[in-house]
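With chain L's structure known, arrange chain V on it following the hints.
Number of protein chains: 2
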Amino acid sequence: MEYVGTALAEMTLPQISPLAGEPIDRADAERLAGVLKALADPARLRLLSLIQSAPDGEACVCDLTAPLGLSQPTVSHHLRILTEAGLLEREKRGVWAFYRLVPAAIGTIADLLTPPRKRATKKAPR
Amino acid sequence: MEYVGTALAEMTLPQISPLAGEPIDRADAERLAGVLKALADPARLRLLSLIQSAPDGEACVCDLTAPLGLSQPTVSHHLRILTEAGLLEREKRGVWAFYRLVPAAIGTIADLLTPPRKRATKKAPR
Chain L
1 MEYVGTALAE MTLPQISPLA GEPIDRADAE RLAGVLKALA DPARLRLLSL
51 IQSAPDGEAC VCDLTAPLGL SQPTVSHHLR ILTEAGLLER EKRGVWAFYR
101 LVPAAIGTIA DLLTPPRKRA TKKAPR
Chain V
1 MEYVGTALAE MTLPQISPLA GEPIDRADAE RLAGVLKALA DPARLRLLSL
51 IQSAPDGEAC VCDLTAPLGL SQPTVSHHLR ILTEAGLLER EKRGVWAFYR
101 LVPAAIGTIA DLLTPPRKRA TKKAPR
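Those sequence lines, one after another, are chains L and V. For the record, in the first sequence the residue sitting at position 64 is 64 according to the UniProt record's numbering, with numbers rising by one throughout. For the record, in the second sequence the residue sitting at position 45 is 45 according to the UniProt record's numbering, with numbers rising by one throughout.
So that you can see chain L by itself, here it is in the shape it has in the complex (with noise of 0.2 angstroms):
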């Protein structure tokens, strides 16, 4: 199984997150900046919920066009935001290109943005 166009090894998210109690710099803050932009836009929300819905979490930009009433170039161009941003990863098999989610980058974006009461206490001593 060949994987391509996935940026996610490329992506290096915030170590720190923004809630931890300590200020982020402008590095980090323009990187988890760059991802959310990738997500917050109706049109790509709702592909990654009808990725993940999608029998075994997969799906090509046929299947997509319909639920969203969007033209394929335009699904296509929400698709390959995603991807370049490390949410999807994209697998060519024959003439189509399968996405499915990756959760662990979804994931680090959500632990990131998880207020420091909700997550393990590991303060280093004052």
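Since the hints were made in silico from the structure, they are not lab data. Please note: incorrect hints may appear among the correct ones.
Said to hold, decoys possible - Computed from the model, here is a short list of chain V residues facing chain L with C-beta under 8 angstroms:
1) A33
2) T74
3) R93
4) A97
5) A110
6) T114
Beta carbons: idealized from backbone N, C-alpha and C, even for Gly.
The following block gives chain V in isolation, referenced to the frame of chain L:
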């Protein structure tokens, strides 16, 4: 203590996560995208981070302009977007307004973005 300006009461985030295994509808996707857009900005992520790490977890505009290197009107603009999204709450004391995080709102977003395998399994039998 009087909190003003928070839109938290009107903020109705989706009840169903885009990763829950059933497609979210257009209205839910738009609401979640709206709040993610408020988050998806480097300056706003740094503001949240600076406020969270401030003494007592609160800060006024006067505390935030220098560390961000932005003008007061620009910082105020970003604070307003975060407040309107329900991510910050604002309390006027004397001539200054003080801002603090709304952990429940941010926690709800984190929960919506948590992949199912990381959540408690509550799947209905097929």
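Verification of the supplied hints:
Because the beta carbon of A33(V) sits about 5 angstroms from the nearest beta carbon in chain L, less than 8 angstroms, this interface hint is met. With a cut of 8 angstroms, the hint placing T74(V) at the interface with chain L is violated, because the nearest CB-to-CB distance is about 15 angstroms. Checking R93(V) against chain L by beta carbon gives a least distance of about 23 angstroms; that is not within 8 angstroms, so the hint is violated. Taking 8 angstroms as the C-beta contact cut-off toward chain L, the hint placing A97(V) at the interface is violated, the least distance being around 20 angstroms.
For the restraint placing A110(V) at the interface with chain L, the shortest Cβ-Cβ distance is roughly 4 angstroms, inside the 8 angstroms limit, so the hint holds. Interface hint at T114(V): satisfied, since its Cβ lies 4 angstroms from the closest Cβ of chain L, which is below the 8 angstroms cut-off.
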